[in-house]
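A.B. asks: Protein chains in written order, with the numbering used here: chain A, 216 to 361; chain B, 112 to 473; chain C, -4 to 397.
Among the hints, a few may not be true.
Derived contacts from chain C toward chain A, CB cut-off under 8 Å, selection only [stated by the list, open to error]:
id : residue
1  : T113
2  : I115
3  : P117
4  : L123
Calculated directly from the structure, the hints in this document are not laboratory data.
C-beta: ideal position from N, C-alpha, C; glycine also.
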Amino acid sequence: MSQQYPEQIPNPMVASTYREWREQGGKYRLEGSICENCNSKFFPRRSVCAKCHSLDIKTHQFSHSGSIENVINSGIHQVAVMGYGENSPRYIASIKLLDGPVVIGEIIDVCDTSRLKIGAEVRMVIRKQARSTNLNWNYAYKFKLL
Amino acid sequence: MEYGIVSYGVKVPVRRIEVEKVVEVWKNNDLTILKNLLNMDERAVLNSDEDVITLGTESAIKCIENSGIRNNDLDAIYLGTSTNPDLSKSSAATILEMIGNNHYAMCSDIQFSGKSGTSALQIGYSLAKSELANNIMIIGSDAMNRHIPPGDQREPYAGAGAASLLIGRENLIAEIKGIASYTSDFPDDIRPEDERYVRSGMPLNRDKISYGLVKHSVKAAKKLFNREHTTVSDYKYGVFQQISGASAYAVGTALGFKKSQITPSIFANKIGDTGAASPLIGLAKVLDVAEPNDKILVVGYGGGAGADAISLKVTDYIKEFRKKIKSVESEINSDIIRVDYANAIKYEYKYIRPEVSFNTYL
Amino acid sequence: MNNSVAIIGTGATKKPGSNMVEKTFKELVVEASYEAINNAKIDPLLIDGATFSFTGEGEIGHGGIGATLVDSLGLAPIPAFLNTANCSSGSVSIIEGYNMILSGQYDAVLVCGFDKQTDIIPFENYMLMSTDVMYDYNLGISHIDAFMLADEYFKENKVSEQDAKNSLMYFAKLMRENAYHNPIATLYKEPMLPEEILSKMPFNGNVLIPGEGAAAMILASEEFANKYCDNPTFIKGVGFSTSSQYFGHQYHPELIQNKEEDKPQKTNMASGYSLSLACKQAYDSANIKPDDLDILGLYDMGVNPFISLEAAGICEKGTAYQYVLDGNINPNGKCPVNVDGGNIGRGHVAGAGGIYQVIEIVKQLQGKARGIQLDNKCSYGMSTVIGGYYATAVSIIIGTER
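Model the full assembly from the supplied sequences, consistent with the hints where possible.
C.D. replies: Quick look at the structure:
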């Protein structure tokens, strides 16, 4: 797709920046929700409590530290998610944050794979994600071994 | 009332490529010159998911953690960078959103090639001294390696990194005593509108260094000495722009510093040119070993060209501060992953590919 | 009046694990639907409602597809409903058709699931996008990662690496064996791969083959079936439960709000809790037990066969891998599984979901299987599918008696 030819490519599915903007709290700071009524906590954020169904729900920032529940060396190469090919192999993990929810994320900068085991402590960092269809950069959480 | 540095944080990528690996591919550089004259062993390689903003944010978060203030106490945040991921809007705004929520902080990006960080520091100090702001976050962050062309002679030492300083007036670890600058229109490095790669406008030889880096740095430093009625012998340490592992010595010895006064700040032999972050990482590295009452001279240099000189005096509080943080040395030299040239080019997105990602055609 | 809905005709395109590049999605739907209509031997205009299922508009490039398909079938003005639920779309449509008949408002309903993956280039990525996108796909995390994280099954049941490998490979080989004999399977008459090659594939060969096709069936009320059909089978019970597309929620059983007394305190990617709920619903509504099943269909990909076997109550928790190794799921075993080859051997059309599974069960119950025909007389069969990674779980029980 050379950028030198002036015929433009019409793509009706180009995303606006709104969706990513609305989720900045979750992607940049691991913000989820807390129910003022029954104190249940949720990640990702939601607008009604899944336990007591109260609409009295507020933003809550979760701890940026956690431990590995399970981790894999991802994948079936033929079916990789577009935009993440430069980073193979990717270590996708279920991570239990200190104050509750399990978050699925990638563990990066692994220099010694023997340290990637269940129970290992990790900490959130912010890294680039795949570029948006409107060519803007996107950032969100990933995790690093302590 | 004194004003100065309350805390600092440093972040560099964990990947490295040795100079030999680059020279092996292009065979356009003399290894002895690189290793002996320019004092280079290896340099940082960005991971495919790192950039100026991720490095800046991580260094700022470390700086805040080391300081003990709450995230949304910042009155101002300035990002000094010459390799901004967005060409019009402010990346400092993104960093501000990432570290916490004081939307009322003064915020802007400062651009002056390699001295973007020290210029931001001068501005931050001015705000503190005029009492218009208290907790001011100054970040210097650059990814020179992303903007150097493959096959360029400077490729073996183009690095990346970020350093953050918190400026305030309580619990100072180093007081800022004075500032001075020297600027002229000297086009030694250029990057006209919308070009990806930073190019040298002049042949790479001694004249470029002496008319650019050395002259401007010396003039700024001497102006500072003048203002403060000091001389080089009043200073314990000198921190200068590290374009390679040797450039800081060129400036320091021209000013009259001994090599042993410059060596504690040197890190570019392992990391490469970190642009705006360079003087700030050098300063942080010196603060790892400095003693109370030591005076430090920091001179940042940016191509185009200009230099900022800043003098600091370390306080008694530095000893207590150092007890609770990781040393800069361990931050930048732990858990290293060495990569080869093909991978370095892949991570830095220098292969020519179609704009639309098909990945696997599945 | 009991809750039985008759299945009076079935039809499906061949080789669902292969691409049909010469055909449009309309042609595939017409082929499968009219095979079902002719199998039912009824006038197409007797159909008074339809429900279609596929994985979504983005890959077909057409919106409002209900009307398009009804027009392609020449059946206007019947009402058409749509379902999308990842790989369980088809089974969800079956339940919708079932509900339509039981409501009394419809006599004969066409259920058809289809998919056309080659009309966009990165189809698998389009499929992977049906997650909680902002926190999954946009972070480069996909269903495939979820299936891989399910190796918690082996870790928590302390299965040795050798047993894990052997059980997965046994299952993969069994599916290929079954498909070898099935003329509509993509791996029909394909020679078996040697173990060295299987062991290098992901999950030791337990990977589904995605393809294009359509599968359809005609559901009818008992009255209608009595009038027009001489050997109907019956949907005896259904179960349908949802959880969440976000994989992290699989570790939070408190988000599942049913009022069960023995709800587990802790779950993970290998628990299959949603499916066990769906299966229980199906058993309760059909009034039978796991031992009454003569044949089982399950969604075979990765470690999921073991999780599904346990969720369906066929064997105790933590023992499914051994149950498989002991030969119990072979065609001549205690509980034959995926006799047509499953997603691994027969092939998988995402939007058709479990319709292919149900069709195989129907044919076995009627004694008319195209591949391996089970010897014993079958009275009950159950089809189980999951959509996303346990975001939806559907269970359908078919029987021979009214």
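A.B. asks: All hints are to be evaluated individually against the structure, with a verdict given for each.
C.D. replies: Each hint tested on the structure:
no. : hint : verdict
1   : T113 : violated, 15 Å
2   : I115 : violated, 10 Å
3   : P117 : holds, 6 Å
4   : L123 : holds, 6 Å
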